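Undergrad: Let's have the full structure, built from the sequences with the hints guiding it.
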Amino acid sequence: MFIQRYVPVIARTLLTVIFLQSGIGKVFGFEETRQQMAGAGIPLTPIVLVFTIAFLIIGSLFVIFGFKARLGSILLLAFIIPATIVFHNPIADPSQLNAFFRNLSLMGGLLMVLAYGAGSISIDERLEQTRPSSFSQTNS
Numbered sequence: 111m112f113i114q115r116y117v118p119v120i121a122r123t124l125l126t127v128i129f130l131q132s133g134i135g136k137v138f139g140f141e142e143t144r145q146q147m148a149g150a151g152i153p154l155t156p157i158v159l160v161f162t163i164a165f166l167i168i169g170s171l172f173v174i175f176g177f178k179a180r181l182g183s184i185l186l187l188a189f190i191i192p193a194t195i196v197f198h199n200p201i202a203d204p205s206q207l208n209a210f211f212r213n214l215s216l217m218g219g220l221l222m223v224l225a226y227g228a229g230s231i232s233i234d235e236r237l238e239q240t241r242p243s244s245f246s247q248t249n250s
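For our numbering, add 110 to where a residue sits in the sequence shown, where the first one is 1.
Since the hints were made in silico from the structure, they are not lab data.
Just so it is clear, the structure is predicted and the values come from calculations on it, not from any experiment.
Don't be surprised by glycine CBs; every beta carbon is placed ideally from N, CA and C.
Wrong hints could be hidden among the right ones.
With beta-carbon atoms standing in for the labels, derived distance ranges [what the hints assert, rightly or not]: (1) V137 <-> L214: 23 to 33 Å; (2) P242 <-> A148: 31 to 41 Å; (3) P242 <-> V137: 39 to 49 Å; (4) F112 <-> E141: 19 to 29 Å; (5) E238 <-> I152: 34 to 44 Å; (6) R241 <-> V196: 21 to 31 Å; (7) F140 <-> L171: 29 to 39 Å; (8) S230 <-> A148: 39 to 49 Å; (9) L154 <-> V117: 18 to 28 Å.
TA: Shown next, in the form of structure tokens:
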């Protein structure tokens, strides 16, 4: 019972804390991050960076609290897939092999949230419990 009840919220938090930390770090290191992104050839860097920060922070909070967790995982996947290709490509830079595999593992966790939802101890679960079980009504 403990595992089924509490592990999903622990897992969601552990899975996304790296994204939340990254988003907050980009807020406080905005200019440095902008320069790094521009150096990688990313166009419209300030705009892309603002969206990156929003995706990281909002996506993380959605997954952690289990509010629109599937949407949160999509936001985080929308960040991590291109970031992995651009910044952690082991073909272009063999020293990025560990970061590449770490990101693949994170993608796997996000795909699990996308497939199965937030699980227990989540806002999504609470909202599901308060919805009527059937929307079909007989109109006579």
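Undergrad: All hints, please: hold or fail.
TA: To see whether the hints hold, each was checked on the structure:
no., hint, verdict
1, V137 <-> L214: 23 to 33 Å, "holds, 26 Å"
2, P242 <-> A148: 31 to 41 Å, "violated, 52 Å"
3, P242 <-> V137: 39 to 49 Å, "holds, 41 Å"
4, F112 <-> E141: 19 to 29 Å, "violated, 46 Å"
5, E238 <-> I152: 34 to 44 Å, "holds, 39 Å"
6, R241 <-> V196: 21 to 31 Å, "violated, 41 Å"
7, F140 <-> L171: 29 to 39 Å, "violated, 19 Å"
8, S230 <-> A148: 39 to 49 Å, "holds, 43 Å"
9, L154 <-> V117: 18 to 28 Å, "violated, 41 Å"
The structure fails to meet hints 2, 4, 6, 7 and 9 from the earlier list, while all remaining hints are met.
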